[in-house]
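Engineer: Spelled out from the first residue to the last, the chains are:
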Amino acid sequence: MIKFTNVFKAFPKGGLALKDVSFHIAKGEFAFLTGHSGAGKSTVLKLIYADERPTSGEVRVSGFGVTEMRARDVPLLRRRLGIVFQDFRLLEDRTAEENVAFALEVTGARHASIAARVMRVLTQVGLAAKAQAYPRELSGGEQQRVAIARALVNEPTVLLADEPTGNLDDRATRGVFQLLRDINASGTAVVMATHDLDLVRQAPYRVIELQEGALMYDSAVDEPRDQAAAP
Amino acid sequence: MNLVVREALLAFKRAPLLSALSVTTIAFSLFVLGLFGLVVVNLQDALHGVEERVEVVAYVLPGTPIEAAAVALKDIEAFPEVQAATYVSEDDALARARAELVEFRDVLRELERNPLPSSIEVKLKPGFRDAAHVSDVAERLRGFGFVDDVRFGRDWVEKLDRLRQLAAAVGIVVGAAFAVVAIIIIGTTIRMAVLQRGREIAIMRLVGATDGFIRRPFLLQGAIKGLLGGLAAVALSFGAYALIDRYLIQAAFFTREQAAAIVGFGALIGLLGSASSVGRHLKRV
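Line by line, the protein sequences are chains A and B. Numbering of the first sequence is given in the working numbering, commencing with residue 7 and proceeding in unit increments. Numbering of the second sequence is given in the working numbering, commencing with residue 698 and proceeding in unit increments.
Extracted from the complex, chain B is given alone in its bound form (with noise of 0.2 Å):
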């Protein structure tokens, strides 16, 4: 077996408690993490389907040849923030009207004229779902000349906007709270582990180990801590979102990537963490 390998696990061996205090506490301090990620990631979908619904509405004039408007949806589908353009007739509008408005049936059926508009509904892309993208959208179908009036609920999109940004600031700023904290209580288990080997190191360079040498165990060790401490940190993080999923709310978790993500961070920490203390380390004896 490679010398660094056979090292790096001997470690383990050797101080099995130590190895597996530093495990817990990459687990917890990570676990910490992936709680917030998961309220994150929870918003974020929350967010995500009230987006959905943001949607403009063109009213056509009445007498518009059904050729102009269908020309106008194909012109509007090629629009880049547009996801689908649909043409509602005045019938169709109607007829979901009486679908939608059970109360007002008896008003709906003793029409004689349908007083409805035709309209063509524009859904936009994810990503275009914001204030600025959707007036512009606006302004624009508003320059087709059947249409009528233009609406898309402003003071909504307004609100929904500052939502997502509110909760993409706190994201961002409790999320490097915690993450630095994290990178603190996993820096400092490392440095424990190093420290308590120092005898060891100041030996292997008495006997003519470079530095090198001295470095790679650890670093694989370190690594392989962080790495054991993510996998646990999501299976932690995937028991308490079962159980909020089962007894509190449905919730999301994290895709495969995301966990794969917490896991590489963990793993990152170890071998940076492990890096800076055994090189300080190596300064010093």
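Here chain A stands alone, though its shape is the one from the complex (with noise of 0.2 Å):
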């Protein structure tokens, strides 16, 4: 599904963002992905959905070799692909179900079929009752579950969230987290960035930890360490 191998990724002003990083997420699984700030947890992400490319080294990404990939090709993958932020990225003169028929509607999707599709992902997460609000008529939770709706209608095989409850409080964090595991329980691989652990010490999920750049631990490889020695 997600494979690194010996990736390095080297920014012309920044130096090594990612030293020699490999690992392999199954389809289905749940993967956290932690680390402090700049310890390169956006790169492997942005590496996932080709922001950006390796500098050395591979990625496939459901079936697709990012480190090769032509230009033309970036947006095939990324429909295949759900990406939620922390700051939503909702477009703020949409509604919500705009915004989540804006993901179909790019992908040439039937306008006939579109409706039904973001009125039952808007189900999913929760706000069907709100499908008319705007992005500042909702609160931060609100926006979060309407990022992970328009993440979610393209049917994607795997949910990248990049520090997703970052902006939330704790029962907007909850119910974020929650929604994700469900997603997860009904087959998509769900990888997410954090540096919450106490939410990575909620479940009993994989955990992948960079530091400076490199792969520090990997629980799915590493021997199960005591949990409050994790950074």
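Quick caveat, the hints were computed from the structure, so don't treat them as lab data. Using N, Cα and C, we set each Cβ at its ideal position, and we do this for glycine too. Do not take every clue at face value.
Within a straight-line C-alpha distance of at most 20 Å, the following computed DMTMM-like cross-link-like pairs (lysine to aspartate or glutamate) qualify [what the hints assert, rightly or not]:
1) B:Lys710 / A:Glu104
2) A:Lys52 / B:Asp908
3) B:Lys980 / A:Asp57
4) B:Lys710 / A:Glu98
5) B:Lys980 / A:Glu74
6) A:Lys52 / B:Glu897
7) A:Lys9 / A:Asp188
8) A:Lys19 / A:Glu35
9) B:Lys980 / A:Asp26
10) B:Lys710 / A:Asp99
11) B:Lys980 / A:Asp79
12) B:Lys822 / B:Glu774
Computed, partial: chain B to chain A, Cβ under 8 Å [unchecked claim]:
13) Asn699
14) Leu700
15) Phe709
16) Glu897
17) Ile900
18) Met901
19) Leu903
20) Val904
21) Gly905
22) Ala906
23) Arg912
If you follow the hints, you should be able to join the two separate chains into one complex; please do so.
Structural biologist: This is the structure we're talking about:
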């Protein structure tokens, strides 16, 4: 599903962002990507959705080789992924429903099928009643649910979440995290970058920890360790 | 409705102020170009008016039989440069002189013998009314055996030539300068509109929109803005023309094709401005 093999990523002025990172995330898996700010979590996610290319090494996602991928294939890869960010990234001048529908429209989905599919995912994230609301009329947690609905509407095989609860209060965090768990339970792989260790401890999921661009710990490979010792 | 058209029109609805500002900016920069265009059009009209008076007159030797002149007239009319050739007999010439030179009426009436020669007056087609062609035709007219002398006001035609060249040079240089300024202003305006939607473009890419999909509504929107700006510029130019025509001097307005060219120019710059701005933006994000 997602396979990193000896991946290095250097930025022209930023030095090495990733150093020899290798891991494999299987279909339907839930994996946390942890580490301090600047550890390389976002770079890993950007490599997965082909916003960046590895300097060396191989990144394979859903059958696409990101390393040597042609620019025109990038949108095709992204349609197989759902991506959620800390800052939601909703279009402010469109309603919740329009924001979600937009992700279908760009793929050239049949117009007749769009409304039904949009309502189905909005119902799934518990926001059917607020379909006509604009982002500014929604709470942070609700906005993130719209973003998740948008990520889900194309029925992705992988959902990438970059600090999805970073801007949310505890209650909203629990709600959004539960939603991601439900999504995973229905078969979608979830990769969630976070530095919220309470959240990580709550669930029995795989943990991949980065430190200064290097993979420090992978619970699928390494010996289990005392959770309290984790950063 | 087609998605591209819908997205392009929605952009106007979502950012009405910025859209209106873009259209207004485009309108005024094209209006300046349009005003200059009006000057050029009217100057050309005036020059054409003067040009129409370019004429070559071949004076016929006394005693030439009218039949010989009539045959030659046919030949002259067949010259590629010639629009019309008219035979003016001695009597016609005298009658015309009497009508035109009123102050000499008494002298002309008392003449015992008509001193005026008959002549052939040759008018040239537009495009051939410059010194080179006029001299060339005059030379050929001299070749006819019965032609005594040929006149065409060489100095005057040469001055007209220079005036025409000057007008063309000024038109091209100043016109190009105005056009470049319009292109820069319109390009910047369109670029601002694209930058304002940078976030939206980034989000479109994240959800898997192709560059073509992102670009098309922007191109259409740019073209529509240019088109509206162009229409407004033509309307403003017409207003200026109407005022000038009424209060200052009688003037001419653009032909339908020229007005359409201004609107088309606006649409084209809007389209190209969008294409380059979005292209640059897509490369960057």
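Engineer: Against this structure, judge whether each hint is valid.
Structural biologist: Results for each hint:
1. B:Lys710 / A:Glu104: holds (15 Å)
2. A:Lys52 / B:Asp908: The hint holds at about 18 Å.
3. B:Lys980 / A:Asp57: holds (12 Å)
4. B:Lys710 / A:Glu98: holds (14 Å)
5. B:Lys980 / A:Glu74: holds (18 Å)
6. A:Lys52 / B:Glu897: Holds, at about 18 Å.
7. A:Lys9 / A:Asp188: Cα-Cα ~24 Å, so violated.
8. A:Lys19 / A:Glu35: violated (35 Å)
9. B:Lys980 / A:Asp26: At roughly 28 Å apart (the allowed maximum being 20 Å), Asp26 (chain A) and Lys980 (chain B) break the hint.
10. B:Lys710 / A:Asp99: Satisfied, since the Cα-Cα distance of roughly 10 Å is no more than 20 Å.
11. B:Lys980 / A:Asp79: holds (15 Å)
12. B:Lys822 / B:Glu774: holds (11 Å)
13. Asn699: With Cβ-Cβ at 10 Å, over 8 Å, it is violated.
14. Leu700: holds (6 Å)
15. Phe709: violated (12 Å)
16. Glu897: With Cβ-Cβ at 6 Å, under 8 Å, it holds.
17. Ile900: holds (5 Å)
18. Met901: holds (6 Å)
19. Leu903: holds (5 Å)
20. Val904: Hint on Val904 (chain B): holds, closest Cβ of chain A at ~4 Å, below 8 Å.
21. Gly905: This interface hint holds because 4 Å falls under the 8 Å limit.
22. Ala906: holds (4 Å)
23. Arg912: violated (12 Å)
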